[in-house]
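Enquirer: Chains as they are written, first to last, in the numbering used here: chain R, 1 to 526; chain V, 1 to 336; chain Y, 1 to 233.
Note that these hints are calculated values from the structure, not bench results. Ideal Cβ positions, reconstructed from N, Cα and C, are used throughout, including at glycine. Errors might be hidden in some of the hints.
[Unchecked claim] Simulated coverage check for chain Y against chain R, where a stretch passes if three residues somewhere in it have a Cβ under 8 Å from a Cβ of chain R: (1) 81-89; (2) 94-108; (3) 223-232.
[Stated by the list, open to error] Here are the simulated DMTMM-like pairs of lysine to aspartate or glutamate, each with C-alpha atoms no more than 25 Å apart in a straight line: (4) V:Lys191 <-> R:Asp316; (5) V:Lys46 <-> R:Asp496; (6) V:Lys140 <-> R:Asp496; (7) V:Lys159 <-> R:Asp496; (8) V:Lys79 <-> R:Asp231; (9) V:Lys46 <-> R:Asp316; (10) V:Lys28 <-> R:Asp496; (11) V:Lys28 <-> V:Asp109; (12) V:Lys196 <-> V:Asp137; (13) V:Lys328 <-> R:Asp231; (14) V:Lys268 <-> R:Asp390; (15) V:Lys234 <-> R:Asp316; (16) V:Lys140 <-> R:Glu123; (17) V:Lys58 <-> R:Asp40; (18) V:Lys280 <-> R:Asp316; (19) V:Lys122 <-> V:Glu95; (20) V:Lys213 <-> R:Asp496; (21) V:Lys328 <-> V:Glu188; (22) V:Lys79 <-> R:Asp316; (23) V:Lys328 <-> R:Asp40; (24) V:Lys213 <-> R:Asp316; (25) V:Lys46 <-> V:Glu232; (26) V:Lys159 <-> R:Asp229; (27) V:Lys146 <-> V:Asp236; (28) V:Lys213 <-> R:Glu123; (29) V:Lys328 <-> R:Asp316; (30) V:Lys196 <-> R:Glu123; (31) V:Lys234 <-> R:Asp390; (32) V:Lys239 <-> R:Asp496; (33) V:Lys79 <-> R:Asp390; (34) V:Lys328 <-> V:Asp109.
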Amino acid sequence: MTAARIGLAVAAFIVAAILADYAALLWGAGGADVANLLSDRYLHRVVGFTFLEASLSALLSLAAAIPTARALARQSSFPGRRLILQLCALPMVMPSIVAIFGIVAVFGRSGYIAAMASSLGSEWRPSIYGLGGILIAHVFFNMPLAIRLLLPAWGTVPAESWRLAAQLGMSSGQVFRLVEVPLLRQYVPAAFTFVFILCFLSFAVILTLGGGPRATTLEVAIYQALHIDVDLPQGGLLALLETVACLIMVAIAWAVGQRIDFGRGQRMTGLRFDGISLGARLRDSATIVLATGFLVLPLAALLYDGLRGLLFARFDGGPLLAAMLVTLALGIPSGIIATVLGFPIAGAADRLRGRRLATVVIGIAGLAGVVASPMAIGAGIILGASGRIDLYAMAPYGVVTMNALLTLPFAVGVLRPAIARNNAQYDRLCAGLGLSGWNRFRVVDWPLLRRPIGLACGLSTAAAMGDLAAIALFGNQSLTNLTLLLYNQIAAYRLDSASGTALVLLALCLATFAAIERGVGGRGVS
Amino acid sequence: MRIISLILLAAATFALAGAGPALAEPAKLTVYTYNSFTADWGPGPKITPIFEQRCGCKIQWVGVEDGAALLSRLKLEGKNSPADVVLGLDTSLTEEASGTGLIAPHGADLSALKLPVAWNDKDFVPFDYGYFAFMWDTQKLATPPKSLADLSAAGDAPKILLEDPRTSTPGLGLLLWLKTVDGDRAGEAWKSIAPKILTVSKSWDEAYGLFTKGEAPLVLSYTTSEAYHRMEDKTDRYKALIFPEGNYMQIEVAGMLATSQHQDLARKFLQFLVSPDFQKQIPTTNWMLPVIDIGADLPPVFGQIPQPTKALMLPSTEVAAHRAAWVKEWLEAVGQ
Amino acid sequence: MAFLEIEGLTFTYEDLVMRFDLAVEAGECIGVIGPSGAGKSTLLALIGGFERPLGGAIRVEGQDITTLRPAERPVTSLFQDFNLFPHLTVAQNVGLGRHPGLRLDAADQEHVARALRQVGLEGFEARLPGQLSGGERQRVALARSLIRHRPLLLLDEPFAALGPALRGEMLELTDRLRQAEGLTALLVTHDPNEAARIAGRTAFIAEGRVVLFDRTDRVLGSSLPEIRRYLGS
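Based on the provided sequences and hints, a complete structural model is requested.
Expert: Following this line, the structure appears as structure tokens:
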């Protein structure tokens with residue numbers, strides 16, 4: 001019970017911190033003119049556009065993820081399945097600028113597709129600067145995420161159901177209609193909402209691929225308010241509006257569907273028989289290859305540019321190595337803290353299921369990192385710290401803490417369903433044996449929950465490693481991680497070196513993620 | 001036991017990361033600037049030892065995202081800001097910055113300044129300048145536009161990459177450039193430019209990155225970009241375009257904070273900025289032009305790049321008064 | 001020619017090599033007993049087509065079904081649990097036995113109603129499995145099995161989770177309906193009394209082999225050491 005209380009306390013603290021931050025902004029310069037703000041036509045257009053791009057992005061991401069997850073679920077021995085699932089973790093931890101360059105390298109006017117078109121003699125060039133480009137980038141980021149969110153759904157179907165389906169002679173389409181759709185109905189709302197929120201708060205992608213100020217989202221407006229006009233109440237109000245909109249979506253999703261389950265790539269609990277036929281295998285393979293191709297092409301472009309940059313451009317070995325160390329030194333503690341915080345929060349979420357207020361608080365805290373505007377949080381921190389705290393001297397601690405909070409949603413998302421299942425199975429047994437507290441964790445929870453803990457830690461660490469927001473906020477020039485190094489290189493015209501740095505960052509993220517997932521999570525069935 | 005060792009590792013890493021320099025004995029001058037200034041190839045590392053030796057102090061650089069973010073950071077921190085000097089604003093923002101009351105007069109001797117325009121600002125010291133210019137990728141476009149009027153002609157070619165005036169100083173620079181040349185008709189000019197815009201990036205970084213990837217043959221940058229490509233990449237591929245209407249100037253400035261605890265040091269630093277020791281580092285580290293005559297220390301390539309026929313710049317007061325309205329006009333012309 | 005012939009059916013699971021030989025006459029009810037891990041469920045899975053054998057043959061009425069897909073085999077399976085789809089109603093679950101896509105016309109629905117009447121669940125059409133007791137759920141599964149009219153019924157410990165009285169009832173019901181339809185059945189059970197009650201012959205399986213296949217009373221009374229070890233003296 002005390003673990004749950006701790007979790008609740010931590011969650012409450014996080015929520016309070018965010019509210020305090022918003023409050024600081026709102027009352028920063030003497031209150032906000034709500035009526036005026038809400039009736040501004042420009043704002044209406046911005047909100048409308050934000051909803052449009054977020055909805056379309058989420059719809060497309062899921063429309064692509066569902067058939068792919070289905071194919072992966074069905075073909076449990078597809079070659080390279082494990083690698084594909086690991087690669088799926090990569091886009092969500094990439095810095096936006098890296099992803100943008102990767103996408104442009106494939107879909108841009110001088111990209112691979114354009115090169116193919118011109119080699120076929122066509123004048124046509126893909127045009128990705130506009131809503132189209134935003135959607136492509138968002139699907140690149142979020143389809144892999146959605147696949148990992150949905151795949152565990154198939155793991156909850158008992159083997160008997162597949163045998164029945166086979167014996168009853170259900171065709172592929174009938175299996176989809178009668179078995180898989182009801183299954184998805186439980187998981188899709190949550191996945192949709194998570195992707196929606198991530199796209200709602202999108203910033204760099206919108207600005208660079210949006211094609212112009214027509215594509216302005218709330219986050220851009222907040223940036224403008226806080227960093228250009230320094231109109232704090234306006235910024236605070238917009239941030240509040242943004243968060244409330246996201247929370248409403250979350251509430252709808254909770255009402256409609258089941259909890260999110262990040263899960264891992266699970267082997268089927270039983271053999272699927274409708275996936276054996278040649279036709280099914282071909283269709284599934286085609287789907288998987290297509291989706292993987294969409295994912296891998298930009299990564300391949302980044303690999304190619306990166307290798308070229310590392311081998312042929314001026315090699316800034318010293319700064320690169322230093323930046324790698326900083327990246328690891330700041331990322332790993334963040335990931336660990338996020339996991340250490342996420343565990344009691346996820347546990348509290350399960351234990352205090354029945355209590356309405358507690359659930360809300362925990363829910364918000366768990367999602368804080370994604371529904372709270374990073375701009376607003378940053379501005380609030382500067383505001384609150386000025387004169388009281390030396391941000392510069394606090395930089396390492398500040399960066400680690402902030403990233404821990406920003407990546408908390410990933411950790412909680414992975415841990416909550418795993419802990420819930422674990423508790424459901426073993427609570428009574430542990431109570432009967434008098435096993436509780438640290439003993440219970442050591443003897444029961446840790447061995448059984450190692451894999452989800454490993455995944456949670458890996459994901460949050462990788463996400464923290466790609467951070468720019470926190471490090472930019474604390475401005476300590478001796479603390480340059482790979483992302484900041486990348487930006488600095490671009491600013492100094494060293495674009496080839498920047499490509500190399502981007503590759504090093506991606507490789508380091510992937511390696512660290514895999515190492516933590518294996519090291520903390522241990523070996524086990526894929 | 002695995003967990004314990006993991007936690008210990010984390011704690012150790014944490015502590016190491018946080019074990020920053022102990023309380024330094026000499027006085028500490030805190031300078032806020034943009035990140036690329038303090039990067040390994042920027043001016044920061046080169047001039048820091050020189051100044052530190054001269055003043056017997058230590059410089060603590062605090063990196064912020066870019067020039068525009070500097071101003072907002074100052075405004076957010078207000079009177080409590082630990083900054084002594086802010087370095088990296090440009091002339092489009094100086095009036096606003098002065099208006100906050102946070103900047104103290106510099107009192108520096110600026111007699112050695114050699115700028116294309118007269119310098120009258122009592123609060124800010126210029127430390128480098130440049131001319132905005134469209135960079136042209138000779139391999140992607142045969143005939144570049146010859147003037148601003150050319151660019152504002154009808155049609156949707158050639159494609160150009162721009163920065164957002166709401167978030168970037170070059171972006172704002174182009175806005176002011178058009179205002180200077182076209183005055184009230186700037187809105188009309190933007191409407192004709194709009195179809196050519198491939199995309200409007202958040203900052204110069206993304207725009208230039210896309211440019212070098214070949215996405216568009218034109219990008220809004222600086223004349224000194226050509227100097228970089230000639231000198232470091234040894235290529236003639238990218239050229240700066242000089243327009244007969246003139247090229248808009250960007251002068252970067254530094255100022256000291258009225259709330260600074262080290263007013264003497266700050267003044268010394270500002271004076272240092274216009275000294276040859278500092279100025280001769282600027283061309284090859286910041287890739288901008290020096291504000292004094294550094295003679296032979298200016299690499300020849302800077303003399304070989306195109307020189308603007310006319311240097312344009314609006315008074316800072318005018319910019320401050322109309323910026324919001326002009327950005328709105330831009331939004332309406334380009335953003336429908 | 002026996003109704004169901006299993007000849008040299010081989011399968012490996014972990015270290016155990018299994019080989020089954022069995023001949024069942026039409027209309028029989030065969031008990032399948034033995035220690036856990038012996039291969040009882042595997043045998044049923046092989047007959048049902050859910051596992052692929054390494055060698056050997058399965059023949060029903062002379063026709064070799066070894067390579068047929070599960071749906072093509074003249075077989076219906078009833079598991080211990082998870083026989084029903086939780087989101088489909090009772091009528092729909094049974095209706096799957098008529099048409100796997102649930103395209104049911106009036107005649108089909110009449111059949112569904114009749115099947116439900118046969119198992120004593122008249123009027124339960126609109127209920128969901130979650131609203132039923134364990135016994136009721138198994139009865140729905142039984143109804144679906146019957147509605148398929150497949151000649152061979154494979155029962156894998158279907159009543160193990162029910163209380164003794166209920167178990168007895170279900171056994172009686174199953175046997176009665178089986179005989180009425182003329183179905184052949186294989187009943188895997190860990191309770192020898194179940195076999196004694198409804199199975200004419202019983203196969204004792206141990207270590208992946210049919211150790212003894214004879215009249216149930218002879219098997220249960222056998223003095224073979226494996227059987228005595230399992231049944232207890």
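Enquirer: All hints, please: hold or fail.
Expert: Hint by hint, here is what the structure shows:
1. 81-89: As far as the stretch 81-89 of chain Y goes, the hint holds, because 6 residues have Cβ atoms under 8 Å from chain R.
2. 94-108: holds (count 5)
3. 223-232: Not satisfied, violated; 0 residues make the cut.
4. V:Lys191 <-> R:Asp316: At roughly 43 Å apart (the allowed maximum being 25 Å), Asp316 of chain R and Lys191 of chain V break the hint.
5. V:Lys46 <-> R:Asp496: Cα-Cα ~23 Å, so holds.
6. V:Lys140 <-> R:Asp496: holds (19 Å)
7. V:Lys159 <-> R:Asp496: Roughly 23 Å between the alpha carbons, so the hint for Lys159 of chain V and Asp496 of chain R holds.
8. V:Lys79 <-> R:Asp231: holds (17 Å)
9. V:Lys46 <-> R:Asp316: Since the Cα atoms of Lys46 of chain V and Asp316 of chain R sit roughly 16 Å apart, the hinted pair holds (cutoff 25 Å).
10. V:Lys28 <-> R:Asp496: violated (36 Å)
11. V:Lys28 <-> V:Asp109: holds (23 Å)
12. V:Lys196 <-> V:Asp137: The hint holds at about 16 Å.
13. V:Lys328 <-> R:Asp231: holds (16 Å)
14. V:Lys268 <-> R:Asp390: Given pair Lys268 of chain V, Asp390 of chain R holds - Cα atoms ~24 Å apart, limit 25 Å.
15. V:Lys234 <-> R:Asp316: Satisfied, since the Cα-Cα distance of roughly 19 Å is no more than 25 Å.
16. V:Lys140 <-> R:Glu123: Measuring from Cα to Cα gives roughly 14 Å; hence the hint holds.
17. V:Lys58 <-> R:Asp40: Judged against 25 Å, a Cα distance of about 49 Å means the pair is violated.
18. V:Lys280 <-> R:Asp316: holds (23 Å)
19. V:Lys122 <-> V:Glu95: Between Lys122 of chain V and Glu95 of chain V the Cα gap is close to 11 Å, so the pair holds against 25 Å.
20. V:Lys213 <-> R:Asp496: Holds, at about 10 Å.
21. V:Lys328 <-> V:Glu188: holds (14 Å)
22. V:Lys79 <-> R:Asp316: violated (39 Å)
23. V:Lys328 <-> R:Asp40: holds (13 Å)
24. V:Lys213 <-> R:Asp316: holds (21 Å)
25. V:Lys46 <-> V:Glu232: Distance of about 18 Å is within 25 Å: holds.
26. V:Lys159 <-> R:Asp229: Since the Cα atoms of Lys159 of chain V and Asp229 of chain R sit roughly 30 Å apart, the hinted pair is violated (cutoff 25 Å).
27. V:Lys146 <-> V:Asp236: Holds, because 19 Å separates the two Cα atoms, which is no more than 25 Å.
28. V:Lys213 <-> R:Glu123: holds (19 Å)
29. V:Lys328 <-> R:Asp316: violated (42 Å)
30. V:Lys196 <-> R:Glu123: The hint holds at about 17 Å.
31. V:Lys234 <-> R:Asp390: Violated, because 44 Å separates the two Cα atoms, which is more than 25 Å.
32. V:Lys239 <-> R:Asp496: Holds, because 19 Å separates the two Cα atoms, which is no more than 25 Å.
33. V:Lys79 <-> R:Asp390: Cα-Cα ~14 Å, so holds.
34. V:Lys328 <-> V:Asp109: violated (39 Å)
In summary, the structure is inconsistent with hints 3, 4, 10, 17, 22, 26, 29, 31 and 34 from the numbered list given earlier, while agreeing with the others.
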